[in-house]
Structure formats: structure tokens, C-alpha cells
Amino acid sequence: MTFDELYAQARSNWEPLYDSQITHVLIGTATCGRAAGSMAVLDAFRHGIEGLTNTVRISEVGCIGMCSYEPLVIILKPGDFAVCYHHVTPQLVPQLIEGYIKGDDPCLDLALGTVAGGGSEAVYIPELERFNHETRLLLRNCGYNSPLDIDHYIACGGYKGLDKSLHVKPAAIIKEVEKSGLRGRGGAGFPTATKWKLCARARNKTKYVICNADEGDPGAFMDRVLLESDPHAVIEGMSIAGFSVGAHRGFVYVREEYPLAIERLKTALEQSRQKGLLGSNILDSGFDFDIEIVKGAGAFVSGEETAMIAAMEGRRSWPEKRPPYPTESGLWGKPTLVDNAKTLAYIPLIMQNGGLWFADIGVKSNPGTVLFALAGKLANTGLAEVPTGTTLNTLINDIGGGVRNSKQFKGVQIGGPSGGCLPESLLDTPIDFDSLKEAGAIMGSGGVIVMDEDNCMVDTAKFFIDFSQRESCGKCTQCRIGTFQMLGILEDITKGNGSLDGLDNLKDLGEDIKSASLCGLGRMAPNPVLTTLRYFRDEYEAHVVEKRCPARVCKDLTAYYILPDKCEKGCDHCVLACPAEAIFSDEKGLKVVDQSKCTKCSSCELVCPAEYNAVVRLSPVSLVPGDRRTRPETASKESK
Amino acid sequence: MNEEHDLTGILTPERRNRAHLIDILQDIQNGHGYLSKAALLEVAKFLDMPASSVWGVATFYNQFRFTAPGKRPVKVCMGTACHLAGGQLVLEATARELDIEIGGITTDHEFSLERVACIGCCALAPVVTIGEQAYPRMTPTKIEEVLVTIRPAAPEKEAGTGSQP
Chain B
1 MTFDELYAQA RSNWEPLYDS QITHVLIGTA TCGRAAGSMA VLDAFRHGIE GLTNTVRISE
61 VGCIGMCSYE PLVIILKPGD FAVCYHHVTP QLVPQLIEGY IKGDDPCLDL ALGTVAGGGS
121 EAVYIPELER FNHETRLLLR NCGYNSPLDI DHYIACGGYK GLDKSLHVKP AAIIKEVEKS
181 GLRGRGGAGF PTATKWKLCA RARNKTKYVI CNADEGDPGA FMDRVLLESD PHAVIEGMSI
241 AGFSVGAHRG FVYVREEYPL AIERLKTALE QSRQKGLLGS NILDSGFDFD IEIVKGAGAF
301 VSGEETAMIA AMEGRRSWPE KRPPYPTESG LWGKPTLVDN AKTLAYIPLI MQNGGLWFAD
361 IGVKSNPGTV LFALAGKLAN TGLAEVPTGT TLNTLINDIG GGVRNSKQFK GVQIGGPSGG
421 CLPESLLDTP IDFDSLKEAG AIMGSGGVIV MDEDNCMVDT AKFFIDFSQR ESCGKCTQCR
481 IGTFQMLGIL EDITKGNGSL DGLDNLKDLG EDIKSASLCG LGRMAPNPVL TTLRYFRDEY
541 EAHVVEKRCP ARVCKDLTAY YILPDKCEKG CDHCVLACPA EAIFSDEKGL KVVDQSKCTK
601 CSSCELVCPA EYNAVVRLSP VSLVPGDRRT RPETASKESK
Chain E
1001 MNEEHDLTGI LTPERRNRAH LIDILQDIQN GHGYLSKAAL LEVAKFLDMP ASSVWGVATF
1061 YNQFRFTAPG KRPVKVCMGT ACHLAGGQLV LEATARELDI EIGGITTDHE FSLERVACIG
1121 CCALAPVVTI GEQAYPRMTP TKIEEVLVTI RPAAPEKEAG TGSQP
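Protein chains in written order, with the numbering used here: chain B, 1 to 640; chain E, 1001 to 1165.
These are computed hints drawn from the structure, not numbers from a lab.
Heads up, a few of these hints could be off.
As the list claims (entries may be wrong) - Straight-line distance between alpha carbons at most 25 Å, and here's what the computed BS3-like set of lysine-lysine pairs gives:
(1) E:K1142 x B:K597
(2) B:K164 x B:K179
(3) B:K547 x B:K569
(4) B:K102 x B:K164
(5) E:K1142 x B:K600
(6) B:K295 x E:K1075
(7) B:K597 x B:K495
(8) E:K1037 x B:K295
(9) E:K1075 x B:K600
(10) B:K295 x E:K1142
(11) E:K1142 x B:K407
(12) B:K334 x B:K475
As the list claims (entries may be wrong) - Some chain B residues judged to face chain E by a derived CB distance under 8 Å, without partners named:
(13) C67
(14) E256
(15) E313
(16) P324
(17) Y325
What the hints assert, rightly or not - Simulated restraints, written as ranges between beta carbons of each label pair:
(18) B:N393 x E:D1048: 55 to 65 Å
(19) E:T1149 x B:P191: 51 to 61 Å
(20) E:I1150 x B:N405: 28 to 38 Å
(21) E:K1071 x B:K507: 28 to 38 Å
C-beta: ideal position from N, C-alpha, C; glycine also.
The whole structure should be built from the sequences, with the hints applied where relevant.
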């Protein structure tokens, strides 16, 4: 079948659903939606529309990027508005069916807004301010078109880029990518076209393309959403890459922890093969290309290209010295192109619209958009896609909605364990590879995690070093032992045993690890510590000098204390909740925490009724009044 | 207990290549819940590799476990967002309520406890998964309630063992 025939067929399947001929219910069933209960909502809709199957259709879709509003449902109604509903539960489904599907009531009390765009345009919700700041290229179909039906992708311009590519010379494609100025979105920001040229130039009949979807940052989920919501964009990008460099086999290396992404990718690959868009003689061009899925077994270091290749060869995931680069000698010694999933997903758009179109988006030195996972203490957690050059301020406040529960913003970690932590004073930093690098963070691979006044920066730095230390593959001494030592120093600090010399040692060790490690994991592992030392040194010093944790997070420096003037003596919530039996009543019946028994599990604080709010955390622990620290003289009695 | 896992469907001739080592181990673990010593030895023989190399690869990756998991594995997410939202306290509360250590299993083999790096549901932090079910926005007290409700009734168990001669 020619591409035009495929397209015509896809349009005839897509148009009735999306072009106001039939009521179409879209339910977001990506992993985040499922965790929020969307499968039960899907069941409720399926039951609810029995008997209406001629006029109503249901599609499972991916994620529109607004995780904090899940489960999300979009109802497209012929001749009426398309409406997006949030926090839908099975109990609300009958109301939506009676109200908007059968009746004319759009149930505005449950609605987030109307839905605009779709087709060749990116989907957006005009009522939400955040969409004014976003440019959605990778997210254009996410949460709207079904990832389970290839026709949805084709009908909205999908595989046009591949068809176009197959009609030109590989060198012309690489030229187009070069014009676009695209830089790899895996974190390092290497120019994509340069890598492609090197691989195309390598002389070997057998070459491979690897899509890196081993999203190891514990706090990032962009690749997962992309694979769950629009897997064909990645497949199409890989096929174009394969044709450009002369490869016939591709691999998607994806985390085993993403079972739904793997399942949806598998479905997409099968459908591509059925349509003749993968396999032999693709679209009658004579080009053969197919893609296999390789499941990563859980190792952060596997995100590094040479370590990934080692894992694919059945070895321990140890990085190798470069050169030779994989483009010269990669998987099984053959020239191999390794690109990030997001990088590859831009390629179809670049081929469709031209490199110059892409080069015009964002800043000149690294054009295009950046896809971020927003998490932490933000009001709107989820995904956001902004042009490069957008400031962190816009990303965090205008799109992310700022810090939730009117707490005070403290810092933002960009790039996960390899990234850096930036303070409020740097929120005007534009998002691009070079500006962020200068500030100590990285762009591309990681999530954006916002911290508020309740988060301790030393504890956060310790968390990341603990992660890097566990995940260090052990090959380079500085990374293996250095991160372990840094963790030890940080543990001392959070326990109140730190010294100011220790802070200098942290900095020196960090610099050593950076300069003497082979791969990105090691070279960037000290970043969270070095940036927090640079921007939040006062917090470190409070821990060391005053034995005080300003955020009252570090257990050894914090005490739970019950305010006598707020405690309601008749209420026993805290006593019952305490797993350590550390809370007793004083002679007046007021509750007191026995500091010698308290395990600082926070249960008393959680159960103390809001109208009393009597449990507080104090730091340093010396703030607890001397007469309310332990149970007077009864301790010995009890132990008998 | 039973280390004699049947690997016939997994160790097929076309996989007799070292490149398949990791997916072979993944298939064994998916089928049997963990990698037993006997299974690892059989894989080594099948691929003609030293057993120590198979062990070296298996222990390198976080996914693999070498003891049987509980019927309902409890996984506490320790990703960044979960950590910042108090995941450590949730993990400690879970360990306390189940009365096992991280990596351990309850005596009735019902629950095992693991910490996992990130399950990608950062917007719902802190998250705990029990079996296939995800429990969003946990606190130490909430996870205790969840475990108390889903735990099989203890008295029945005791009656059961008591009735055995």
C-alpha cells in the first residue's frame, strides 16, 4: 500500500471519532492515571454506555501531562464543545453520562475546561493559563489520540516524515537534522546531526540504532509518558534514523519498571509491521528496518551509552572508555547510533516541517522545546513542554502553579541525581543547555523537583548521593569510594556530628570525583552536593554549628514536642497512634513525648486533630523544655 | 523451598547465546518470582558460562532477587518526589507494621518488603504498591491502616495451625 492510501484509510477511521460524528469518550489510562484510579472509571463508562454503542465510543488514551488532575476524561460531542473533566471517579460517571452524553448539561462543576486543537495542531485547554507558555511538539498527541490505534497517529500527520525521508537521499535527511540544530535530549546536549554523520560514515554493512528510554532518574517520567501516550513518534524517528545511517535493526532499551510503556510499545510495533511501516521493503522503498524491545534490568548507569551496550550484550552494565565511540564500534562491535527517545521523537516533525522550522523555536544555540517532568511541592505536577529559553520562573510558577499549600519556595532540583539544586535567586535562568550548566544543573535527562520550606537541603543532597553511591557500578575508584565517603560525611552532618572541615572535604571530594570518573554518572554525581553547598551553605552550617535542621527533617536534630497550651487532655489520639509507647500524660493530663523513647515516626503529628495542632517539631532538640523531656522517675518502675 | 524450577520453556535453543542472559534471567524471575541457586546453575550450564559470571551479572542489576517474594510484595517508592514527601517515614512504618526488615518476608509468606527507585507516579507521592495495587499519598498512619485491612485475619491462621495434629 502506498502512503497516500494508508493515510486515506487512517483518516476514514479517525474522522468519525474526532470530527463530530459520534460521541467519543477519551480516558487517560497511562500509569499515573491508573494509579489514580482511571481503570475503574473506564469500567464505569463501559457499563454506563451499554445500549449506546452505536453513538458513543470509548478510547483509552495516554497522559495530557496534568498528573495532579487524574483521572482525566475528555468527552467529544458532535456539534458541541469537547470538555475535559478532572478527578473523575466511578461514582461521577453516571452524572457525566446522563448530563453530557445523553443530555445537554456539560457538567461544568466537574470540568477543567474545553479542549481545543487536535488533528494537525497540538491539543490544549484554552481556559488554562499554562498552555499560553507551552509549545507542545512531543506532547501534541498525548492524552488525545489513542496510542493503541496507529490510524490515530497516521491521520494526524504521523509517518509522513518517514514517507518523505524515504524519497530523499540519507545525506539530505542528515542535512535537514543539521539545519534544525537539534541537540540530544539525554543530558549531554551533543549535536544530533554530528552523531548521525559519524555513524553514516562508518564503513560496515551491519549497523544498529538504539533508542535510549532507560529513564533512571528517580523523579523523571517523560520517556514513560511518551512511550505510553505516543509510541509511534519514537518508532518513526528510529526508522528515519535507521534509513539515514544505513541500519536495518533497531532496539528500544526501556526500563523493566515501565510495564505499560513496554506493552503499548509492543502493540505499536505490531501495528506498524501490519501497515508495512516496519519490516522489509517499507512503503515500497526497498528499505528494511525492524525494531526490538530490550528490557533493562534496573541499573542507573545503563543510561550511559556504552554501559547500555554492555547490558544488551548480556554483561554487567559497565561503561567503556571512549573513543572508540559507539558510532564506530558499538553493539557487538558494529557501528551503533544511540539516541534518547525524546530526541528521536522530534525527527518526524523535523522531516515534515523542515529543519529551519525547528531551528526557529526557542533559542538559537539549542533550539526546540524541552520536556520536563514536574514533581515535588508544586501545585500542578505532571509534564510540561516549553521552548528553550523559557525561564525557570515561568516553568515553575506559570505552568507548575507555584508551591502548593502556600508554603515558601526553597529550591529546585533539575536533572535528578546528576543535576543541581538552584535557589530562588536563579529562577530567572533561561532553560537551555549552557545557562543551566553554568548554574550547576543539567537539562534534558531529568525531572524538575521543587522543594519548599519543609525540605532540608542537606537531607536532599544526602538522598541523591545515597542514590549515586548505590548505583555506582564500581569501575572507577573515585566514584565508587568517593561517593561512599561523601555519604558518610553527609550522614555525620545530618546526625549533628559534622564539622566545618567536613564541608571543605565534601567540596574537594566532589571535585575529585568529577575529574576522575569515566562516565556521566560519576562525573555528575557530586552535583547535588556541590550546588547545595554553593547556594544553601547556611543550612549546612546550621546543622554543623548549631546542631539545628532549619526544615526540621533530620531526625537526630529534631524533637517532637506537644505544646501544653494547645493539648486537649481528653484526647488520646497521639497516645494510641504512637508505635513506641513514648507518649504519656503529665499530672495535669496533658500529653508529653518521652524523648528517650521517641522514634520520630511523625504519627503523633499526623493524628493530632487539626483544631488542636498541638504537636510541633523543634530543632535543635535543646529547645524542648527540660521538664518535659522524659517521663519523671517512672522509667525505672516500668522496666520492672 | 522448592529449588527445582522448570526452565524448559525458557532455555530454548535459539537463546543459547550470552546476549540473551539478562532476558533469560528476567523470564525466570517473572515465572518463579526469584532466581534460585539451582536455576542460576542451570543457566550457566546452558550458556556454557562460569556460574560466577552468571552470578556477577545477576547481582549487578537491581531487578533480580534471590529469595522468594511474598504472595503480595510490598514496594515502597523511594524516588525523589516520594522521598521529599516523607517516603522514608512511610518505609519505616511499613517495616514496623509488617515486623520485617527491608528485603525480608513475613513468616506467613504473605508480604515481602522492598524499596524501589521510582515507579514514575511522582504526582501521587509518596506511593506504595502492594501486589498490583498502587496506594497514593501515603503517610505512616495511612499505610498502617491499609496493611491492617488487607492482612489475612490472624486468628484464623492460628486456629488453622492449632488444628493440625
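Structure-inconsistent hints, enumerated in ascending order: 3, 4, 10, 16, 17, 21
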